[in-house]
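Q: Single-letter residue listing:
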Amino acid sequence: MTESNNTPNMELGKVVVETLVSQGLIAPENQENILSTICDGRMTASDWKSCVEMKILKDEGKVYDGKSDQED
Amino acid sequence: MANLIKKIEMDHFRGASRPSVIEFDPTKNTVVIFGENGRGKSTIVDAIDMVANGMPGSLADRPSTSTKQHLPSVDSNHQDLSVKLYIDGMEWEASLDGSTIHVSGDSPCPTVHILRRNQLLKLIETQPAQRYEALRRFVDVDGVEQSEQYLRDCVRETDAELTSVYRQLEDAQNELEKLWKDEGSPGDSWLRWAHDKSQVDISETKTLAAYLTSVIDSINNAIGSKDRFDTSFSDYQGKCNNLKVVEEEIKSSPGLSAEEAIKLLNILQQTQTYISETKEPITECPVCEQPVVAEQLTDSIQKRLTSMTEVKELDDRKKAAEKQLQGSENTLSTHLNQLLRQSQNVIGIVSENEHPGVPELVIDVEKYAGLSKNDLDNKEKHKLCVGLVNTINKCIEDLRHRHTELQKDINQHNAIKNHYDKVIDCLKSTLHVEKVLAVLQKALDIIHSKRIDFTQGILNEVADEWNRLYKRIHPNEPLGNCTLSLDPDRRHSLHQGAEFEGHQGVPPQAYFSDSHLDTLGFCVWLSIAKRGTPQDTIIILDDVFTSADSVHLRNIVELLTDEAEHFGQVVITTHYRQWRDRYRYMQSASGNVHLIELHRWSLEKGVRACNSKLVLEELREALGKEPFDRQDVASRAGILLESILDTLALQYGCRTRHTRNDDHTLMELSNACSRLFGRLQIGKSPQLVNAPLTKKQVREAVEENFTITCPLDIFSKIKDSSFVRNQVGCHYNISGMEISDEEVEEFGDDVLSLAIGITCQNCGTLPGRNRGTHFECPCRLTKLMPLTM
Numbered sequence: 001m002t003e004s005n006n007t008p009n010m011e012l013g014k015v016v017v018e019t020l021v022s023q024g025l026i027a028p029e030n031q032e033n034i035l036s037t038i039c040d041g042r043m044t045a046s047d048w049k050s051c052v053e054m055k056i057l058k059d060e061g062k063v064y065d066g067k068s069d070q071e072d
Numbered sequence: 001m002a003n004l005i006k007k008i009e010m011d012h013f014r015g016a017s018r019p020s021v022i023e024f025d026p027t028k029n030t031v032v033i034f035g036e037n038g039r040g041k042s043t044i045v046d047a048i049d050m051v052a053n054g055m056p057g058s059l060a061d062r063p064s065t066s067t068k069q070h071l072p073s074v075d076s077n078h079q080d081l082s083v084k085l086y087i088d089g090m091e092w093e094a095s096l097d098g099s100t101i102h103v104s105g106d107s108p109c110p111t112v113h114i115l116r117r118n119q120l121l122k123l124i125e126t127q128p129a130q131r132y133e134a135l136r137r138f139v140d141v142d143g144v145e146q147s148e149q150y151l152r153d154c155v156r157e158t159d160a161e162l163t164s165v166y167r168q169l170e171d172a173q174n175e176l177e178k179l180w181k182d183e184g185s186p187g188d189s190w191l192r193w194a195h196d197k198s199q200v201d202i203s204e205t206k207t208l209a210a211y212l213t214s215v216i217d218s219i220n221n222a223i224g225s226k227d228r229f230d231t232s233f234s235d236y237q238g239k240c241n242n243l244k245v246v247e248e249e250i251k252s253s254p255g256l257s258a259e260e261a262i263k264l265l266n267i268l269q270q271t272q273t274y275i276s277e278t279k280e281p282i283t284e285c286p287v288c289e290q291p292v293v294a295e296q297l298t299d300s301i302q303k304r305l306t307s308m309t310e311v312k313e314l315d316d317r318k319k320a321a322e323k324q325l326q327g328s329e330n331t332l333s334t335h336l337n338q339l340l341r342q343s344q345n346v347i348g349i350v351s352e353n354e355h356p357g358v359p360e361l362v363i364d365v366e367k368y369a370g371l372s373k374n375d376l377d378n379k380e381k382h383k384l385c386v387g388l389v390n391t392i393n394k395c396i397e398d399l400r401h402r403h404t405e406l407q408k409d410i411n412q413h414n415a416i417k418n419h420y421d422k423v424i425d426c427l428k429s430t431l432h433v434e435k436v437l438a439v440l441q442k443a444l445d446i447i448h449s450k451r452i453d454f455t456q457g458i459l460n461e462v463a464d465e466w467n468r469l470y471k472r473i474h475p476n477e478p479l480g481n482c483t484l485s486l487d488p489d490r491r492h493s494l495h496q497g498a499e500f501e502g503h504q505g506v507p508p509q510a511y512f513s514d515s516h517l518d519t520l521g522f523c524v525w526l527s528i529a530k531r532g533t534p535q536d537t538i539i540i541l542d543d544v545f546t547s548a549d550s551v552h553l554r555n556i557v558e559l560l561t562d563e564a565e566h567f568g569q570v571v572i573t574t575h576y577r578q579w580r581d582r583y584r585y586m587q588s589a590s591g592n593v594h595l596i597e598l599h600r601w602s603l604e605k606g607v608r609a610c611n612s613k614l615v616l617e618e619l620r621e622a623l624g625k626e627p628f629d630r631q632d633v634a635s636r637a638g639i640l641l642e643s644i645l646d647t648l649a650l651q652y653g654c655r656t657r658h659t660r661n662d663d664h665t666l667m668e669l670s671n672a673c674s675r676l677f678g679r680l681q682i683g684k685s686p687q688l689v690n691a692p693l694t695k696k697q698v699r700e701a702v703e704e705n706f707t708i709t710c711p712l713d714i715f716s717k718i719k720d721s722s723f724v725r726n727q728v729g730c731h732y733n734i735s736g737m738e739i740s741d742e743e744v745e746e747f748g749d750d751v752l753s754l755a756i757g758i759t760c761q762n763c764g765t766l767p768g769r770n771r772g773t774h775f776e777c778p779c780r781l782t783k784l785m786p787l788t789m
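From first to last, the protein sequence lines stand for chains A and B. If you count by this note's numbering, then the first sequence holds residues 1 to 72, one letter each, in order. If you count by this note's numbering, then the second sequence holds residues 1 to 789, one letter each, in order.
By construction, these hints were calculated from the structure, which means they are not laboratory data. Worth double-checking, as some hints may not be accurate.
Unchecked claim - Derived DSS-like pairs: lysine-lysine, alpha-carbon spacing no greater than 25 Å straight-line:
{"id": "1", "chain 1": "B", "residue 1": "K422", "chain 2": "B", "residue 2": "K435"}
{"id": "2", "chain 1": "B", "residue 1": "K239", "chain 2": "B", "residue 2": "K435"}
{"id": "3", "chain 1": "A", "residue 1": "K58", "chain 2": "B", "residue 2": "K239"}
{"id": "4", "chain 1": "A", "residue 1": "K58", "chain 2": "B", "residue 2": "K428"}
{"id": "5", "chain 1": "B", "residue 1": "K417", "chain 2": "B", "residue 2": "K428"}
{"id": "6", "chain 1": "A", "residue 1": "K14", "chain 2": "B", "residue 2": "K379"}
{"id": "7", "chain 1": "B", "residue 1": "K530", "chain 2": "A", "residue 2": "K62"}
{"id": "8", "chain 1": "B", "residue 1": "K428", "chain 2": "A", "residue 2": "K62"}
{"id": "9", "chain 1": "A", "residue 1": "K58", "chain 2": "B", "residue 2": "K435"}
Same shape as in the complex, but just chain A:
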């Protein structure tokens, strides 16, 4: 077999991202961007961290319009 078909990445990526969102670990509004980034293998360590930190800051009410209080 020689034909390449990369749909498993996308299938799994959807399952993963939906679970992460439903568990409240990442923000739903980032779902689409994160899905493609994860599936492409481009979700780096710093991306993961900023994504999670952003969600935590948001949950703590410290984020407004995508910026933290510190940045403001």
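On the provided structure of chain A, position chain B as indicated by the hints.
A: Positioned in the frame of chain A, the structure of chain B alone reads:
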């Protein structure tokens, strides 16, 4: 139908040494290409592989070959090579540029999966990592896996960050605790103490310390200025004494008075200079205008100057002493000014003293008011400065001690505050990083478990389908129940296990026969190929089975008949004549199969193909042929009749003579089947009049009532005239010559009628599938009853 290969054109490609066109029937989704070894089967498959997948086909698995050299046919080079593939009105063309394959076409080529025999072995016999590679594209989640690895890195980095924060917190706590203990452990805890201490306002202390710093600096400057002045003054006095000594020496010199001698010396030196610088030698004295000889005058002057050497030395020493004295005076003046300025600065700072709480600073400012007045001379000002310096010198040590104490308090406060702030920052950071780490770890657990579940889920589905297919080929055999699982400790490693004689999880390659391993590999490949969108997929089996016996081959053919409907197209190449003949003799579903047969290959002619016909069609054509070929009709009818009776006798277990090679005569088969035909009934769907039917029509048709017929009469008639086959179709004898063409034609027509009556006009198969109460064909539109004799 979608995604059907309709035509392949090859030129100078592998075995296609001459332009070759292979056309597939677009109304049938299964193509069986039969050819004995070396007739070009793999050439056709490689051509499809090259266009559809951009791959060099079977050469890819042969390391000693090169694409550039061996993909073109043996008498051509890579520029001559051309392959075109036509699928559903679109076409793609592949060419070779050196070793690079170029494919051009309207759009991405449909998915084409190709299975070759060596890949069967890879799937089953290779190492776990290579097995994973064979299945990679179906379970390949490398993108997600890479992101998971980054997440794992992130967890590790965050964990290290947390450890660092813990360490910083511990260091800051230890420092604070040490400071607290040094202070005698006041209060309940070092943390409370540190908090209280860090809140204390020490701005006044800092201001006082800064003031003291400026006071001490100014005092130090004044003291330094006085020291420098004293040194300069000593130097000045020394220079004065030097000049006096020289002047005394001049006065006490013998002969001319020193002043006069020095004046004369200067006149002589100037005259000597005048004479030496005139252009023309002088002839008279420039002073008295008396005649002189220049040389004599010059010699005379030189002699006199030489006699005045001591006077000259005294003059030089005097001038040097005067110069040194002048420099010393200047330095003394500068240092006096500095002393005055620094003293005024001290008085200024002390006068502006806003910190009366500095008892060490005892200076009567009014006493030194004259320093800033012009009516005092330098001597008086110097006297005031000396008095001031002597005064402040007495309090400088006390001031320094006071300043040191203040600075110590400030440093202590700063240390406590810094460490306390660090503790608070670290505590905040710890909470945040702990929270981030927990979320990251949870995300990692989720992505890891989902990936494992996802991949294993796919593998389980593949394994279930794999086992289902395998059971179709090997029913009632104590082996199978295969499993696939990823190695949890190794990346990209796939394990397989199977059941063998009641033992679970054994490696099949250790116990299964070659034939079983072949079918095992085939089934796993087919089950994987069915994933995704098989209806848009073309699968090609390139002479995969080489060790299957006739029973298993029948099962494989039936399996492919059923599985073909899931795919866009199924292309099978085989060197098994038995495979081709199963279709030709309607023992397998031939209705949806396009049979192609390859001619003998030669370099001059390349790959050539023709369509194979069913024996039923060949008999029909022979009957309609003019002039009538009686031998041909009798022979073809006899063979077709034999194949039908042989199939029925085997299917129903009709009693006949037992032979080692199953070489029954037509008469033996007829006799064996006589009792069967006495009871045999054929059920046909009324929809068959419109055959071939679509899949939907077939599904609807099987629900309708079947028309039942009994073939006994025509069988009896054929049996009575079956001698025609021997006497006309097979042998030379006088009796055969007495048989008329009409009798031969009637025999042929009857056999043709029986064949048409007993086989399905939709799928082209003699019903042979046991349905419990009857046999039916694969499309279920034709039945044979009863099930047993």
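Q: Taking 25 Å as the top limit, are the C-alpha atoms of B/K239 and B/K435 close enough?
A: Answer violated: B/K239 to B/K435 is near 83 Å, above 25 Å.
Q: Please verify whether B/K422 and B/K435 have alpha carbons no more than 25 Å apart.
A: Given that 25 Å is the threshold and the Cα spacing comes to 20 Å, the pair holds.
Q: Has the given pair, B/K530 with A/K62, been kept, meaning a C-alpha gap of at most 25 Å?
A: violated (50 Å)
Q: Between B/K428 and A/K62, does the CA-CA distance stay at or below 25 Å?
A: holds (15 Å)
Q: Between B/K417 and B/K428, does the CA-CA distance stay at or below 25 Å?
A: Distance ~16 Å between B/K417 and B/K428 Cα, so the pair holds.
Q: Does the alpha-carbon distance linking A/K58 and B/K428 stay inside the 25 Å limit?
A: Distance of about 17 Å is within 25 Å: holds.
Q: Measure nothing beyond the straight line between the CA atoms of A/K58 and B/K435; if it is 25 Å or shorter, mark the hint as holding.
A: Distance ~13 Å between A/K58 and B/K435 Cα, so the pair holds.
Q: Given the hinted pair A/K14 and B/K379, is their alpha-carbon gap at most 25 Å?
A: violated (97 Å)
Q: Between the alpha carbons of A/K58 and B/K239, is the straight-line distance 25 Å or under?
A: violated (85 Å)
Comparing the model with each earlier hint shows violations of hints 2, 3, 6 and 7; every other hint is respected.
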